[in-house]
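Fit chain L to the supplied structure of chain D, relying on the hints for placement.
Keeping their order, the protein sequence lines are chains D and L.
For the first sequence, the residue numbers in this note's numbering are 1 to 116.
For the second sequence, the residue numbers in this note's numbering are 1 to 112.
A portion of the hints provided could be inaccurate.
Quick list of simulated restraints, FRET-style, between CB atoms [said to hold, decoys possible]: (1) L:Q17 - D:S115: 39 to 45 Å; (2) L:G16 - D:A23: 37 to 43 Å; (3) D:Q82 - L:K112: 45 to 51 Å; (4) L:P45 - D:K65: 30 to 36 Å; (5) L:L15 - D:G8: 39 to 45 Å; (6) L:A72 - D:G15: 43 to 49 Å.
In case anyone wonders, no lab produced these hints; they're calculated from the structure.
A virtual CB, placed ideally from N, CA and C, is assigned to each residue, including glycine.
Here is how the chains run, residue by residue.
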Amino acid sequence: EVQLVESGGGLVQPGGSLRLSCAASGFTFKSYEMNWVRQSPGKGLEWLSYISVSGGTIYYADSVKGRFTVSRDNANNSLHLQMDSLRAEDTAVYYCARGMTTLAYWGQGTLVTVSS
Amino acid sequence: DIVMTQTPLSSPVTLGQPASISCRSSQSLVHSDGNTYLSWFQQRPGQPPRLLIYKISNRFSGVPDRFSGSGAGTDFTLKISRVETEDVGVYYCMQGTQFPRTFGRGTKVEIK
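Chain D with its partners taken away, still in its complex shape (with noise of 0.2 Å):
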């Protein structure tokens, strides 16, 4: 069974870093592309950053782009995010998601709440 856990969510002041990451199991990491999305509280969804399977072609949204850091660690199945001069504004639930051009699996999300 495909499972994505979440992790390294919580509060942080305005302009404070945070680095979530992506635990997978139940299937080969290394073969398959990586994302993550995020909600604002009571909002949509809101793609931020892909990652190809090597980690050579890496694309943000412009919205954390110089912000944030997408990486991954194929030989311990996971995926990082480091965000770094976080905003009010950044404050989402943040899933990673499996895929390239569509994105068939989820974690649950883990919550980061930017507020002094």
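Using the frame of chain D, we list chain L on its own:
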């Protein structure tokens, strides 16, 4: 960026009756490889999104056959043939043809 426009934003439906959601993209979703990467997701209250349909009309594993997708180019439709209680939630379309990936704003399906 490709803008995805969903209508309606809300759809009250009687149990057992059909429901239809439209999604229009600001430009063609036909990829250079010939495929059209339009997906539909369901998000039940308190749950993460779940893939229903990919490449316009392909049902994902475990998705009931009352869900169907159609369309081409820039106009797409998700249909639920007979709405059941478990179908309550918000439905999103997403294009996977071009980066950045973009979602529609969502359509809330609720029971009348």
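- Message: Quick check: does the Cβ-Cβ distance between D:Q82 and L:K112 fall within 45 to 51 Å?
- Response: The hint (45 to 51 Å, Cβ to Cβ) holds, given that D:Q82 and L:K112 are roughly 46 Å apart.
- Should the hint that L:A72 and D:G15 are 43 to 49 Å apart at their CB atoms be regarded as holding? The hinted range 43 to 49 Å holds for L:A72 and D:G15, with Cβ atoms some 47 Å apart.
- Message: Range first: 37 to 43 Å. Now tell me if the beta carbons of L:G16 and D:A23 are that far apart.
- Response: holds, 41 Å
- Message: Can you tell me whether the CB distance of L:P45 to D:K65 sits inside 30 to 36 Å?
- Response: holds, 32 Å
- Message: Taking 39 to 45 Å as the stated bounds, is the beta-carbon spacing between L:L15 and D:G8 within them?
- Response: holds, 41 Å
- Message: 39 to 45 Å was suggested as the range; check whether the CB atoms of L:Q17 and D:S115 agree with it.
- Response: At roughly 43 Å between Cβ atoms, D:S115 and L:Q17 fall inside 39 to 45 Å, so the hint holds.
In the structure shown, no violation is registered for any of the earlier numbered hints.
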